[in-house]
Each structure stands twice: as structure tokens, then as C-alpha cells.
Amino acid sequence: MRASALCPRQFWWIFLLSLVLMVGAHCLLVTTVDPRRYFSSRNSFPQLHPNSRRVKVEALARFQQAGPVTGLILGSSRSMLLSPQEFDRRTGLRFFNAGVFSGTAEDFLSLYRLARRNGNHPRVIVLGLDPAAIYEGRPEEELSANFALTAALENRAVSGWGQAWHSLILYKQMLRPQALVEVATSIAMRRHPPEPRSTFDADGRLHERKTERAIQSGEYNFRAELELSRRRMIESLQNFQGLSQRRTQLIESLMAEAAADQARVVIWIPPVHPTLLETMARSPQATTADGLARQFTIGLAERYPVQVIDLTHPSAFGGDPDRWYDSIHISPLDADKIARRLAAYGI
Amino acid sequence: MVFNSDVFLLAFLPLVYLAFWAVRSKQSRYVLLTAAGYVFYGWWDWRFCLLLLFSSLLSFGAGLAIMSAPSPRQSRWWMIGAVTVDLSLLFFFKYFNFFSGNVRAAWPSVPLPVLEVALPVGISFYTFHTISYVVDVYAGRVRATRNLWEYLTYVNLFFQLVAGPIVRFRQIEDDLDHIDGPPQTGWTARGIAIFVAGLLKKVVIADHLGTIVDPLLKQPHLSFLDAWTAALGYTGQLYFDFSGYSDMALGLGLLFGLRIPRNFNSPYRAAGIQDFWHRWHISLSTWLRDYLYITLGGSRGGTFRTQGNLMLTMVLGGLWHGANWTFVIWGGYHGLLLIMDRQGGSFFSNWPRPLYQLQTFILVVIGWVLFRSDNLPMAGRWLSAMFQPDNAGSFAPRAAAWLAVAAAWVLLVPESWEIKFPTTLRWAPVYAAGLLLAYYYINGTESVFLYFQF
Chain D
14 MRASALCPRQ
24 FWWIFLLSLV
34 LMVGAHCLLV
44 TTVDPRRYFS
54 SRNSFPQLHP
64 NSRRVKVEAL
74 ARFQQAGPVT
84 GLILGSSRSM
94 LLSPQEFDRR
104 TGLRFFNAGV
114 FSGTAEDFLS
124 LYRLARRNGN
134 HPRVIVLGLD
144 PAAIYEGRPE
154 EELSANFALT
164 AALENRAVSG
174 WGQAWHSLIL
184 YKQMLRPQAL
194 VEVATSIAMR
204 RHPPEPRSTF
214 DADGRLHERK
224 TERAIQSGEY
234 NFRAELELSR
244 RRMIESLQNF
254 QGLSQRRTQL
264 IESLMAEAAA
274 DQARVVIWIP
284 PVHPTLLETM
294 ARSPQATTAD
304 GLARQFTIGL
314 AERYPVQVID
324 LTHPSAFGGD
334 PDRWYDSIHI
344 SPLDADKIAR
354 RLAAYGI
Chain X
373 MVFNSDVFLL
383 AFLPLVYLAF
393 WAVRSKQSRY
403 VLLTAAGYVF
413 YGWWDWRFCL
423 LLLFSSLLSF
433 GAGLAIMSAP
443 SPRQSRWWMI
453 GAVTVDLSLL
463 FFFKYFNFFS
473 GNVRAAWPSV
483 PLPVLEVALP
493 VGISFYTFHT
503 ISYVVDVYAG
513 RVRATRNLWE
523 YLTYVNLFFQ
533 LVAGPIVRFR
543 QIEDDLDHID
553 GPPQTGWTAR
563 GIAIFVAGLL
573 KKVVIADHLG
583 TIVDPLLKQP
593 HLSFLDAWTA
603 ALGYTGQLYF
613 DFSGYSDMAL
623 GLGLLFGLRI
633 PRNFNSPYRA
643 AGIQDFWHRW
653 HISLSTWLRD
663 YLYITLGGSR
673 GGTFRTQGNL
683 MLTMVLGGLW
693 HGANWTFVIW
703 GGYHGLLLIM
713 DRQGGSFFSN
723 WPRPLYQLQT
733 FILVVIGWVL
743 FRSDNLPMAG
753 RWLSAMFQPD
763 NAGSFAPRAA
773 AWLAVAAAWV
783 LLVPESWEIK
793 FPTTLRWAPV
803 YAAGLLLAYY
813 YINGTESVFL
823 YFQF
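In the order they appear, the protein sequences are chains D and X. The working numbering puts the first sequence at residues 14 to 360. The working numbering puts the second sequence at residues 373 to 826.
If you are wondering where the hints come from, they were derived from the structure by calculation, not from laboratory data. You can take every hint at face value.
Beta-carbon label-pair distances, calculated as ranges:
#	chain 1	residue 1	chain 2	residue 2	range
1	X	Phe824	D	Asp333	53 to 59 Å
2	X	Ala764	D	Arg22	55 to 61 Å
3	X	Ile666	D	Ser249	55 to 61 Å
4	X	Ser638	D	Ser249	39 to 45 Å
5	D	Val36	X	Thr817	17 to 23 Å
One-sided and incomplete, this derived list gives chain X residues near chain D with beta-carbon spacing under 7 Å:
#	residue
6	Pro555
7	Ala800
8	Pro801
Just so you know, even glycine gets a beta-carbon here, dropped at the ideal spot from N, CA and C.
Please put together the full structure from these sequences, using the hints given.
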């Protein structure tokens, strides 16, 4: 067969059409398999990464159907074990745990604004302010992939066009090798999907099922996890450049909006395992980072009607750090102690 | 603006391409490409455009003045004047602080200031463009154009403005004259193919090698294996980065009906340093040969004079890359190697070719250590680690895998311009897949070309 004619215009058309078809196929695949649950939480393919932001947005919408949320727990994974029921019992309010994995200032403000947009009026906000939440860094992709949260964060109205534009940006973001690798992995695991690492109660409380089971069966190597997390924490602080101006500003916005809404804010500084505290004390970067974060957090109490409770040392709430998951992630027992401690503070 | 950015790929290039083929006249295409060049260049900093415009107008005017000068003497003065102004601008923006810093270090009492000036991107490249034009007009190798837009198009072609290849006016004069023609059969497909090949070289291989090299060089101490991994990694990174850029320029040129000269010819397969310089950054090495080495007398004045000319050319060629002693020493190192290569040419040529190629390659790699180092102490530490096998360090499989990919490519794959890319319609989806693959790696990342800093 003779080769087709060489008309530049024809060549361009076929080139562009091929490109569009391939991009379309990619988007279809990413949407169908959706290993990170960016597009929908209902999907038959295994999820590879927990998308706590989507879980919390959807759980909040369901939770408030039974009544408005009057108490909001915000924070990172270190807040996610706090039981809203513990707070309910002691305050008579209706708490929802909106903590998310690797939560940062962007998450706290967007989740608060979303709760307000949904018609809730939290009277108490319990914010676990992890110092890393105000360090310099990029927002989690999970957040930028979530239209409801980004719209709330940017104070934009939720519109069809806005949603379409957001989806377009998200699809563009997905044009990367990693997305294809994850799609292939998820398809390969479909027959034998992995057991979910964690589950959530209707009120947003996290249960680390897999870890708990490993602890109960004696398979959990606490010492190894402690050492690993300690090393990671110190490594992550090696290039510490200072607090993020953008993030501290977002926290200030949260405080100002909560004050304007007449919500009471209780900020607690999450606990750290004594081993890590010792290591941090020997590292100049860690000391600086922690000092700056602490200074900022305590300073909030001078500018806004908020209470700051420092629980850095486990003795502050009678914690048992050797039963934690690692150097910064507490056990459910200690989470309950913290809840009681915070509630006893007069919430 | 860089070729591997969203703004270039998704907006600038499609718009300029469509507009270029929508307008028909020669003059409107010149104007369009000139405007595109200024937008592309001004994306960094619009103020740089003023300097570019000044340099372009100066050389254009000088070309006309040389042509119409009543005597050769006056022509000569016009040529010298234009080249002096061009070189003065280059010196001011690129070398003044280096010069004043060294003078102050040697004689602290000399009150030379440190200037707060930003280095205009690509100044070394377009200065060489304009100098070559003025000198060629003076030498009668090219007639000065009377069409300002044609000249501005030549200097401001966005695909070779900031990192070359260093194109001479006479090399594309013919294509510029016929710029109003319809798209050439096969050029579109070939242009796309070469552009995609260059993009893949840059974003897949060069950038991955960069992620291996840069963290290694941030370490305070290098082991033997780390030092060699960094040296070989940078050797690959520089080649794939710069030859990838040159391929993209070639491909884009074809899309706009202009044939840009090739810039690389499998340099790491060279046998001998002379051969290496016939294959590496060809547009620069031939520029240095034609406008500097030959002007200095070339090989016409005996062995000693020839060696001096060679050394001076290479030292200045090194300095062209940047205001740093590492570049000067790198240039001198290559000058020395060239002299040795010329002297021992018959000896080396008796070696088995693979051995001679390996020897050349290792010498080039050592040179790249000087080239990549931020300063001389860093170069010293890096080089000494490369020759201390007792501190072996640990093997890094990922780095080894990428080095193997790069080595296989260098040894087995010809340069993009050598490949007879099929231009039939059925290959359009293949090139589209290549572009999409490249985009996978570009998306969400920021990576500039190494040669932009020069």
C-alpha cells in the first residue's frame, strides 16, 4: 500500500484528533478507576490512598441531616482519633470531627467555611494545631482536587461553570505517569482488594483498624515505627525555611471569622513522644521550627478570644506514649484522655 | 517562557503557528515572528526586550552603513564600532561584576562597584548572532538586508533566541526570503517529530538525570561512586538537555518553514577532542573557529602561534559560558587537550577506535566536572573524590538504571536530525503519543534548560 498523501493540514488534523482521543481515553480511565477517589467515592476499583477530605465533606453532609453541627473538631491526623461523642457528652453540643490526614491551615479554614456554607453554626471549634500545618509547603493535592473545599477556601460561589473549570484543571493535573501507574495497580488489585487501613464513624472519628489489629495480635513493631517517624520528622525539618506567611494568614482568617461568628475556639498543641522531643531539642532546625510555631500559636490568644492548651508533653494529659502508634500519633485511649482534658478546660 | 511549559505548548505555539499560516505576505510573517520573539523573550522581563531591540537595530544599521560606506576603511570602522558596542554590552551585563570582584580581590584599594544588574537571558547567544551578521557583511560573505523586519525576524526567532543554535544570517537567508511560501511537504510531520523527540530527551532523560545529580552535589562529602555518578549523570543531563533543546529549535524551525542548522552530532562517540568539538555545540564551535580563531591567525603562524590561538579561543569560549573561573579553566583544559590531540594525533589514531573514544569520553567527563562546579573548591573536592576508590560509598540502583538508559541512547540512537522520521499520515498518532508522553512528565513541574544560564 502506498503511503498516504502528505498534506500538512491533514497531518495536523490526524495528529490533533489522535491527541484528543488519547487524552480522552486517559481521562475516562482515570475517572472510571479513580484510585484516589478524586471524582467519586462510589467505585468498584480498589482505592489506593485514603481520601480523608472527600470522606469528611460527604460525611459532614450526611451528619448534618440529623441536626446541625454545633461543635467542630479541626486538625491533622493527630486530631482524627478524638471522639466527637466524648465532647457531646460533656458539652451537650453536636460535634463533628473534620480532621484530615496531613491537615494544614488551608484544610482548617476550608472545612470551617464549608460547615458554615452548609448552614451549620459551630459554637465551639477545637483546633489541633500541628506545627507542620503552618510550615511552608504545598497544599495537599486531595484538597485542590476537592471542588467544594477549594470553592470554600477561595470564598467562591459554587457554580456549574466553576465546577466544570475545576474538573478540567483536575483532569489536566492527572496527565502524569503516576496516575497511569495507580490506575494499573488498582485494576490489578481488583480481584483481591486490600483491606482498608482505616474507617470513619458517621461523626467523622477515625479508627485505624489495620494498626489496631496488628497491635492486638502482637505484630506491631512500635519501636521501629517510633524510630522511623522520629527520623522522618527530623529529616522533614532539615530544610525548614520559616513559617508560611500564607498559612499563618489563613489561621488568622479562621480566628477572625470564628470570632465574628461568635464561635469559641480552643486550640491545643498535639503531644509528641519524649524520644522525639529529646531529638528535637538537639536539632537547631527543629528547635527553631517548633519555637516559631509555638510563638505564633500562643500569640493567637493575645489577638483573638481563643484558648491555647499546650499538650506537647504527654504528662500534660496523663498520656501513655509507649502505647502510641509512633512518635506523634497517639492511641485511641490517649485521644479520649485529651478529649476529656479539653472538655474539662471548660468547653 | 520555555518550550516545556503550559503557556508555550498550550497557548503561545498554537496561536503563533495559526497566525503565521493565516497571514500570507512575507512582510506580515516577518512582523508576526518578530512580535512573537519579543513576547517570548519579554516573558522573562520586558525590560530585556529594549536591550535586544537596541542590539538588533545597531547591527542592522551597521550592516547598511558598511555596505554603503565610501571606503573599506570606513566600512572597517563601522564593523569595529558595532562589534565593540555589542561586546561592551555583553561585558557590562555578564562580566563586569566578575571583573570588578577579581580586581578588588587582587587590589582592595581599587574602588570598583558591584552592579545590581540582572543578566539578560540569552544575551550571549543573540550577541553572537548580531556580531556574525556585521562581520559577514563586512567580509562580503552576505549582503546586508534592507528589510528591517527580515533582520529582526532573524535575530528574534523565538526558537533560537535564548539558547541557540547560533544561526548565521547566511544560513537561513534563503528560507527567510521564501518565508511567504506554502508549508513544505513533509516539513510539518518532520518538524513535529523532531520537536517531540527533543522534548522527550529533555523532560524524560535530562530531567531525571538532574534529580540524581543535584541531590548528590548538595552533599558535603562525595564518595567515589557518588562522584562518578554525579559526573556521568551531569554528562548525560547536559547532553540530553541541550541537544533536546536544539532538536526542539530544529523542529519548530521546520514548522515555520525555516531550516535551522544542526547543533549536535553524537558528541560522546567522538574519537579525539578535535572530533568532540566537531560534534558538540557545533554552532558555537564553528562560530569560535570562524570569528575568533581564524581572526587571531588560525594555524597560519607556526606551531607555537597556532597553539596560542587555540588556547586563547578555548579560554574565551569557556568564558562565554559564564563569568566564573570554573569556565575559564574548563576552556583552558579543553584548549590543552586540543593541543595534545593535535600533537599526538597520529599516536592516538593508531589506538583501537573504541579505546580512543573511551579516552575522549573520560576526558570530556572530567571537563564537565569543572563546568558544573559552582566554584573551584567544589571542583577540587569533586575531582579528588573521583580518584579516591578507597572511599567507595554505596551503589545506587536507580541512578545506575538511568545512567544505563542514557548510555544506551548515546551509543545506539542517532541524532534526531539524522533520523528519517516517517512523514506519512499513519505516523501522526505515534507523534501525538510521543507528545502526550512528554507532557506527562512536564505537567506540574518547572524545569528550565541548562543553557539558559549562559
